[in-house]
Amino acid sequence: MANEPSESLTNANTDSISKWRATIIVGSISGISLIGSMLGGIIIVALPTMARDLGISDSLLLWPASVSPLACGCTLLISGSISDVVGSKKVYLVGEFMLVITTIASGVCRTGIELILFRAASGVALSLCLPSSVSLITSHIPSGTYRNVAFACLGAGQPLGFSVGLVIGGVFVQSIGWRVGYYIGAGLIFIAFLISIFGIPADRKPIDQTYRSLIHRLKTEIDWLGCFLLSTSLGLFSYVFAILASGASHFIAPVSLTLFSLAVLLLPAFILHGLRQECLGLKTIIPPSLWKNSVFTCLCVTVFVIWGVFDAMQYFLTLFFQEVQSLSPIQTSLRFLPMVVTGAGTNLLTGWLVKRVRADILVFVSAFITALAPLLMAVIKPEWSYWTCAFFAVACTPLCADVLFTVANLVITSLFPGEMQGIAGGVFNTISDIGASFGLGVTAIVASSVTMSREGKIGLLIPESETLMDGYRATFWLCFGVDVLVLGIIGLGLRKIGKVGLKEE
Numbered sequence: 027m028a029n030e031p032s033e034s035l036t037n038a039n040t041d042s043i044s045k046w047r048a049t050i051i052v053g054s055i056s057g058i059s060l061i062g063s064m065l066g067g068i069i070i071v072a073l074p075t076m077a078r079d080l081g082i083s084d085s086l087l088l089w090p091a092s093v094s095p096l097a098c099g100c101t102l103l104i105s106g107s108i109s110d111v112v113g114s115k116k117v118y119l120v121g122e123f124m125l126v127i128t129t130i131a132s133g134v135c136r137t138g139i140e141l142i143l144f145r146a147a148s149g150v151a152l153s154l155c156l157p158s159s160v161s162l163i164t165s166h167i168p169s170g171t172y173r174n175v176a177f178a179c180l181g182a183g184q185p186l187g188f189s190v191g192l193v194i195g196g197v198f199v200q201s202i203g204w205r206v207g208y209y210i211g212a213g214l215i216f217i218a219f220l221i222s223i224f225g226i227p228a229d230r231k232p233i234d235q236t237y238r239s240l241i242h243r244l245k246t247e248i249d250w251l252g253c254f255l256l257s258t259s260l261g262l263f264s265y266v267f268a269i270l271a272s273g274a275s276h277f278i279a280p281v282s283l284t285l286f287s288l289a290v291l292l293l294p295a296f297i298l299h300g301l302r303q304e305c306l307g308l309k310t311i312i313p314p315s316l317w318k319n320s321v322f323t324c325l326c327v328t329v330f331v332i333w334g335v336f337d338a339m340q341y342f343l344t345l346f347f348q349e350v351q352s353l354s355p356i357q358t359s360l361r362f363l364p365m366v367v368t369g370a371g372t373n374l375l376t377g378w379l380v381k382r383v384r385a386d387i388l389v390f391v392s393a394f395i396t397a398l399a400p401l402l403m404a405v406i407k408p409e410w411s412y413w414t415c416a417f418f419a420v421a422c423t424p425l426c427a428d429v430l431f432t433v434a435n436l437v438i439t440s441l442f443p444g445e446m447q448g449i450a451g452g453v454f455n456t457i458s459d460i461g462a463s464f465g466l467g468v469t470a471i472v473a474s475s476v477t478m479s480r481e482g483k484i485g486l487l488i489p490e491s492e493t494l495m496d497g498y499r500a501t502f503w504l505c506f507g508v509d510v511l512v513l514g515i516i517g518l519g520l521r522k523i524g525k526v527g528l529k530e531e
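For the sequence shown, the numbering used here gives the first residue as 27, with consecutive numbering after it.
Do not rely on the hints blindly, as some may be mistaken.
In silico DSS-like links for lysine-lysine, alpha-carbon gap of 27 Å or less [what the hints assert, rightly or not]: (1) Lys381 / Lys45; (2) Lys116 / Lys309; (3) Lys245 / Lys116; (4) Lys245 / Lys309; (5) Lys522 / Lys318; (6) Lys522 / Lys381; (7) Lys381 / Lys318; (8) Lys116 / Lys45.
Quick list of simulated restraints, FRET-style, between CB atoms [claimed, not checked]: (9) Pro294 / Glu349: 15 to 23 Å; (10) Leu518 / Leu298: 24 to 32 Å; (11) Ile297 / Tyr237: 29 to 37 Å; (12) Trp410 / Lys45: 43 to 51 Å; (13) Ser44 / Leu511: 42 to 50 Å; (14) Leu441 / Leu306: 21 to 29 Å; (15) Pro443 / Gly81: 50 to 58 Å; (16) Arg238 / Gly514: 52 to 60 Å; (17) Gly81 / Pro314: 43 to 51 Å; (18) Arg382 / Gln357: 38 to 46 Å; (19) Lys381 / Thr414: 31 to 39 Å.
Read the hints as simulated data drawn from the structure, not as lab findings.
Just so you know, these numbers come straight off a predicted model, no measurement behind them.
The C-beta atom is built at its ideal place from N, Cα and C for all residues, glycine as well.
Produce the entire structure from the sequences given, and follow the hints as far as they go.
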């Protein structure tokens with residue numbers, strides 16, 4: 027009995043839990059986050075090959091990469107609300123099982139439309155896992171070092187997984203095929219699913235809860251109308267952006283204008299609905315009062331920009347290597363290895379530094395270093411050696427995204443009471459996913475517009491790779507500009523944040 031405290035973790039706000047079970051929880055939820063993002067990374071580097079295999083048209087080329095984060099972002103809040111009512115473990119297991127099925131389906135698909143649909147379903151499945159993951163950590167792992175490490179691992183999953191996918195994607199494309207990557211991913215998720223069944227503690231069930239009372243809670247404790255208004259608006263915006271990416275002239279088509287107008291009108295409708303719900307004391311998917319916390323609002327704006335730039339940088343770095351420098355998929359993958367190393371190292375270092383260094387300094391320094399990546403790619407010349415600029419750009423790209431997720435999760439648990447942490451975490455993750463989708467859409471529009479404008483002026487006088495590079499260069503300058511803008515937001519909005527992740531007694 028004397029050794030019991032060293033074998034279990036507990037504090038006033040969590041149940042006592044053994045260290046091995048805490049390790050299982052952290053390993054499972056981090057693994058799912060990593061594998062889900064890894065599959066997205068495989069798509070980025072394998073997209074030209076997949077487009078040829080599945081007959082994906084240019085107008086749909088962006089969708090396989092962007093539809094999963096879009097679907098995840100549009101359903102994340104409703105998934106978090108269901109998790110709060112039904113139970114974190116139950117929803118998490120359903121999400122894992124759905125990921126297994128949709129990942130296998132993505133591997134066996136035969137057309138581009140099938141791939142897009144299955145990737146969208148994977149995004150919905152992932153949305154069931156993410157908010158449940160945060161709840162599982164806050165419910166079972168006490169604050170302090172262990173929770174810091176848990177959030178660092180969870181935060182590492184998305185950017186690190188994406189980078190790993192970029193690396194192994196090229197290997198698969200040129201050896202065993204991109205489909206095998208999805209079969210391997212499905213197998214790993216299924217293993218995590220089995221481990222989660224037995225390793226994650228059961229949900230606490232209210233003594234008087236019955237099936238009928240559970241259905242009643244689902245009807246009354248979830249803002250279904252708010253979910254519909256927000257999800258529909260975001261989905262329509264992303265669809266219009268994808269259409270624009272294939273040519274700005276498509277925006278004036280009647281269908282595009284109608285959908286864009288509808289998306290714009292739904293946003294104020296959602297805001298008014300939220301204000302009304304909160305005034306009446308009813309449930310709302312995003313309480314307007316949440317935005318009164320300036321630190322949280324700043325974090326959300328920051329992650330929207332940073333995650334959008336992060337995804338856009340990886341997408342256009344891949345295109346730069348393959349379309350401009352004419353490298354093979356496997357050569358492209360090898361050039362992303364520094365991103366994996368710096369991403370993993372940043373997460374380990376952040377978990378250790380977060381109790382010792384002010385959070386605003388960590389985020390600001392990492393954002394400053396990350397801003398160097400698009401600047402280097404904006405001035406690069408295709409004939410330059412990889413080690414001149416591209417190496418440093420690849421290495422710097424994931425730093426702020428890695429730091430931000432760890433810091434933000436710890437800040438949310440310290441800023442809000444327990445009953446608000448799930449909502450705040452869901453909003454934060456929703457904004458990051460929507461930022462990724464919007465970032466890809468906006469940068470694709472800029473790149474295609476500049477490239478087509480350049481082609482119209484000079485015709486066939488210069489190689490296609492040079493006109494493509496003009497579009498990519500404009501995108502890199504745009505990413506650098508918004509990175510500089512976000513430095514000011516961080517400096518002003520997070521200056522009073524202090525240290526986070528300190529142990530509660």
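Verification of the supplied hints:
no. : hint                        : in the structure
1   : Lys381 / Lys45              : 21 Å, holds
2   : Lys116 / Lys309             : 22 Å, holds
3   : Lys245 / Lys116             : 18 Å, holds
4   : Lys245 / Lys309             : 11 Å, holds
5   : Lys522 / Lys318             : 15 Å, holds
6   : Lys522 / Lys381             : 15 Å, holds
7   : Lys381 / Lys318             : 26 Å, holds
8   : Lys116 / Lys45              : 22 Å, holds
9   : Pro294 / Glu349: 15 to 23 Å : 40 Å, violated
10  : Leu518 / Leu298: 24 to 32 Å : 29 Å, holds
11  : Ile297 / Tyr237: 29 to 37 Å : 35 Å, holds
12  : Trp410 / Lys45: 43 to 51 Å  : 49 Å, holds
13  : Ser44 / Leu511: 42 to 50 Å  : 46 Å, holds
14  : Leu441 / Leu306: 21 to 29 Å : 25 Å, holds
15  : Pro443 / Gly81: 50 to 58 Å  : 52 Å, holds
16  : Arg238 / Gly514: 52 to 60 Å : 53 Å, holds
17  : Gly81 / Pro314: 43 to 51 Å  : 46 Å, holds
18  : Arg382 / Gln357: 38 to 46 Å : 40 Å, holds
19  : Lys381 / Thr414: 31 to 39 Å : 38 Å, holds
Checked against the numbered hints above, the structure breaks only hint 9 and satisfies the rest.
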